[in-house]
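There are 2 protein chains.
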Amino acid sequence: MVQFVDVARMREWIETTGIETIVARLVDALETDFARWEEFSKCARIASHSPTGVIELMPVSDGQTYGFKYVNGHPLNPKAGLQTVTAFGVLADVSTGYPVLLSEMTLLTALRTAATSAFAARRLARPDASVMALVGTGSQSEFQALAFRRVLGIESLRIWDSDPGALDTFERNMRPLGFEIVRARNAADACAGADVVTSCTADKTNATVVTDAMIAPGMHLNAIGGDCPGKTELDPAILHRADIFVEYAEQTRIEGEIQQLPPDHPVTELWRVVRGEAPGRTSAEQITVFDSVGFAIEDFTALCVVRESLRGDSGVPELDMIAEPEDPKDLFALVSAGAAALTRAS
Amino acid sequence: MVQFVDVARMREWIETTGIETIVARLVDALETDFARWEEFSKCARIASHSPTGVIELMPVSDGQTYGFKYVNGHPLNPKAGLQTVTAFGVLADVSTGYPVLLSEMTLLTALRTAATSAFAARRLARPDASVMALVGTGSQSEFQALAFRRVLGIESLRIWDSDPGALDTFERNMRPLGFEIVRARNAADACAGADVVTSCTADKTNATVVTDAMIAPGMHLNAIGGDCPGKTELDPAILHRADIFVEYAEQTRIEGEIQQLPPDHPVTELWRVVRGEAPGRTSAEQITVFDSVGFAIEDFTALCVVRESLRGDSGVPELDMIAEPEDPKDLFALVSAGAAALTRAS
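Taken in sequence, the protein lines are chains A and B.
Heads up, the final residue of the first sequence is numbered 373 in the numbering used here, and it's a clean run with no missing numbers.
Heads up, the final residue of the second sequence is numbered 373 in the numbering used here, and it's a clean run with no missing numbers.
Just so you know, the hints here were simulated from the structure itself, not pulled from any lab data.
One thing to keep in mind: the hints can contain errors.
Since the list gives no way to pick out one identical chain from another, each pair is judged satisfied if it fits inside one copy or across any two copies.
[Stated by the list, open to error] Listed below are the simulated EDC-like cross-link pairs for lysine to aspartate or glutamate, each with C-alpha atoms no more than 16 angstroms apart in a straight line: (1) Lys-106 / Glu-351; (2) Lys-106 / Asp-354; (3) Lys-69 / Asp-216; (4) Lys-69 / Glu-277; (5) Lys-106 / Glu-39; (6) Lys-69 / Asp-89; (7) Lys-106 / Glu-312; (8) Lys-106 / Asp-230; (9) Lys-69 / Asp-340; (10) Lys-106 / Glu-353; (11) Lys-69 / Asp-195; (12) Lys-106 / Asp-190; (13) Lys-106 / Asp-216; (14) Lys-69 / Asp-33; (15) Lys-106 / Glu-277; (16) Lys-69 / Asp-291; (17) Lys-69 / Glu-296.
With the sequences and hints as input, model every part of the structure.
What follows is the structure, given as structure tokens:
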């Protein structure tokens, strides 16, 4: 039987545990997993593109546990009342190949993305960073704000979105939580005076949401929205004067902001910074970019945190997904009536 | 919500519809999908190997519907009372990226593999074929026998397995169904006089289960067990004097019997035979090999047949896997209590 975390159960876990507490747990778990990066067997995710979006599978294994996530990205979905991004994930036991957990991951992906952003920013943003610009205030934005408050102590936000409704929603959700929020007139206004710029827009185009002129020395760019071939947000001029950090270069060169750069442009994989093998931020003037596309290990980490939270809970629903004949070499026994039935009929 | 076909429901469908009826439906559906092969966006499956087995993801899309299967192969599993192969699959709507169906596929894979074998043999075996050797009588074998009876009218079987218990099980399951069964002394004895040789063993090694001397002119080899790097069953000498047919050459060159051959050894993709673009069997003396590894389109086809069978059935259980906020840009609304809770606590 496969443990099943449906949307209701995920919501209950998040609401009772608290978003910021879960973010903190995820950051701790990311710390552990990024430090053992080389133990994972990795590949770039497998994407199936269509005119309206993309469907991706993201598998990874640490030799003990295998995990994968199914995730889509369909920017036009909200016009039909649907989510741009939805996801579910599975953990399996490597030694037997049997799946052990199926979980909703639309909510969990929002949490893990925010946790990964904050996890990276702790090493890449200036230690005195106190103001974050949020360019794009869609479904991911509140999670980003809460993660940066928990991990970096940032409480002052400058927000911008081309959709005024998305700004209204963000303000309505976040003002009661004690953030200081400035509603900017445009993306440039949002970036002015920010220490961290989080760009998170959904259009599947090579957009220039953040231009070179908006970026000042010392800023850290948390670039989330450029995560697909043909989908970028940053002016390439920014990339040329910044130090660029990525999750898994092989995948980011296909999907990230650096798809705009030559394939040999130097980048640093974040796990090397975590292990102390490469420097993170080295000066207060440096511009750092976390060119984040989302990598399978982060989902693996998040699913393992969910699984850990279920330990000892006997009330977790289970799905009957695995056919289990009494004699494992006699699968036919499970459906033998289907052969006999036909023999009688014919 | 995602429709869910669990093991119990799959069993019920198979038992009430009949294995051979489902095989016939699958063969019709394979005919349609192989004839439109070029409409599918395809890739070799993504395998994660470990010392005890392999876990694979097999995605494919026809531009309207996306499907993938999760499947493992762990030859030592039966010693622990577990299945060698288990599987589940998902269909999704390409236009929105939303999953629509989750189904058990351990049983369904057995059916689709048998249907694909018979589908290929109808074009590659001699029209007068009446005797099949089954080398390896594990979980797949009964399904093969029923499919070949339904599609080719073969009722005479010569069986062999290194495990006498597996032979006992096969005989117990199949004798009541009207097959003429000869229990052979070894693999050579099983092949003697057979028109079709189905090899389906589980060991993850380069074995030579079927040697060159066992194979006579006019035979069709339905080679199922060689489906993984380092896992083959046929003496390569057979391959050198046979005409070889495959599902998707890119994947079969990695996983099939032809991994033993130079990468440019000529093979024919079966869909070209289906479309009349390449000949199947051309003479009674020819030796044909269907070097089958299992391809994603076959799983897609099978999942679509299952989905079709559910049409109009209002009793199909649904899983709450997709978080659906009222405002699609306000995912946070689903868990806002999780932010407020923490603010109060901190």
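(request) Mind listing which of the numbered hints don't hold for this structure, in increasing order? (result) 3, 5, 7, 9, 11, 13, 14, 15 and 16
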